[in-house]
Amino acid sequence: MKKVKELQADYLSKFNQFLTSEIETKIQNPDFAQILKYSIQAGGKRIRPLFVFAVCKMFNRPIDQTVFKAAAAIECLHTYSLIHDDLPAMDNDDYRRGQLTSHKKFGEANAILAGDALLTLGLQWLAELPNHASDIVAYVSQAVGPNGMVYGQYLDVRSETDQSIQDIAKIHHLKTSRLFQASLYTGLKLSEATADEISSTLRFGDAFGLAFQIFDDLDDAKQSSPEGHDDQDKTTYVSVYGIDGAQSHLTEEISKARLALIDMSGCDYLLDFLDYFDSEE
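Numbered by numbering that gives the first Met the number 0, the letters in the sequence shown go through residues 0 to 280 in order.
What the hints contain is simulated information worked out from the structure, not anything from laboratory work.
This structure is a prediction, so every number in the text was calculated from the model and none was measured.
Among the clues, some could well be false.
What the hints assert, rightly or not - Below, in silico cross-link-like pairs of lysine-lysine (PhoX-like), each with a Cα-Cα straight-line distance of 20 Å or less:
{"hint": "1", "residue 1": "K25", "residue 2": "K44"}
{"hint": "2", "residue 1": "K169", "residue 2": "K68"}
{"hint": "3", "residue 1": "K36", "residue 2": "K104"}
{"hint": "4", "residue 1": "K36", "residue 2": "K68"}
{"hint": "5", "residue 1": "K2", "residue 2": "K13"}
{"hint": "6", "residue 1": "K68", "residue 2": "K188"}
{"hint": "7", "residue 1": "K44", "residue 2": "K4"}
{"hint": "8", "residue 1": "K103", "residue 2": "K36"}
{"hint": "9", "residue 1": "K36", "residue 2": "K25"}
{"hint": "10", "residue 1": "K169", "residue 2": "K188"}
{"hint": "11", "residue 1": "K44", "residue 2": "K1"}
Between the sequences and the hints, there should be enough to build the whole structure, so can you do that?
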């Protein structure tokens with residue numbers, strides 16, 4: 000993961016400082032800002048902002064304050080989704096990234112409002128971008144909205160048992176791949192990528208998202224009790240295919256991701272993320 004580590008070393012610390020500073024300055028009430036920062040600063044791999052940076056590096060687009068703002072917007076949208084996913088009415092999780100979930104720390108009402116704030120703040124920041132703002136806002140809104148990530152969550156909570164593998168793949172595409180694709184699209188538009196380059200990179204994002212979820216299923220299967228939540232009644236790739244079968248599907252999605260970028264120069268910045276599925280084992 001040489002390229003990924005370069006991105007992390009060069010930009011993550013500055014990005015985290017930028018994100019924290021933006022929330023502190025843009026949110027008028029410091030107590031409410033603290034609730035937002037609690038989840039934003041909870042850690043995580045920051046894959047989605049790193050995707051924005053990676054695409055810009057692919058196209059030699061300088062990673063400046065505009066790119067940081069776009070990446071911060073994407074991370075706000077991601078964090079909003081996690082806060083709401085953890086709520087008692089959804090996945091009912093008590094812990095996230097080693098700390099109490101937002102609703103356990105601040106109460107359910109405050110957690111809902113924090114998620115709402117991060118969603119709208121993220122879209123506001125995208126709308127304020129100096130170039131391609133309307134295209135980016137339109138695409139990202141579709142990716143996270145009622146035909147994208149939100150729809151995936153609807154399907155996920157509606158029926159947790161007796162789902163076909165096609166149902167599971169659709170949920171993973173909507174809940175996970177779409178936001179990865181939104182991250183990539185944001186970087187692509189900021190980098191003035193062509194339509195063909197956008198299409199190829201979005202195919203990578205779809206395959207990466209499915210691989211990410213299959214890998215997560217495999218990881219959960221190796222743990223006797225997932226942190227703060229019990230998924231034993233959910234249909235997963237592992238419950239349908241077993242560990243070996245799920246591993247085969249993971250390998251297939253990784254191959255699809257590589258194939259999507261086969262004709263693109265500078266793609267090492269994105270392909271390097273596929274090493275994640277080896278390094279975490």
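Results for each hint:
{"no.": "1", "hint": "K25 x K44", "in the structure": "violated (24 Å)"}
{"no.": "2", "hint": "K169 x K68", "in the structure": "violated (30 Å)"}
{"no.": "3", "hint": "K36 x K104", "in the structure": "holds (12 Å)"}
{"no.": "4", "hint": "K36 x K68", "in the structure": "holds (16 Å)"}
{"no.": "5", "hint": "K2 x K13", "in the structure": "holds (17 Å)"}
{"no.": "6", "hint": "K68 x K188", "in the structure": "holds (14 Å)"}
{"no.": "7", "hint": "K44 x K4", "in the structure": "holds (11 Å)"}
{"no.": "8", "hint": "K103 x K36", "in the structure": "holds (15 Å)"}
{"no.": "9", "hint": "K36 x K25", "in the structure": "holds (12 Å)"}
{"no.": "10", "hint": "K169 x K188", "in the structure": "violated (26 Å)"}
{"no.": "11", "hint": "K44 x K1", "in the structure": "holds (15 Å)"}
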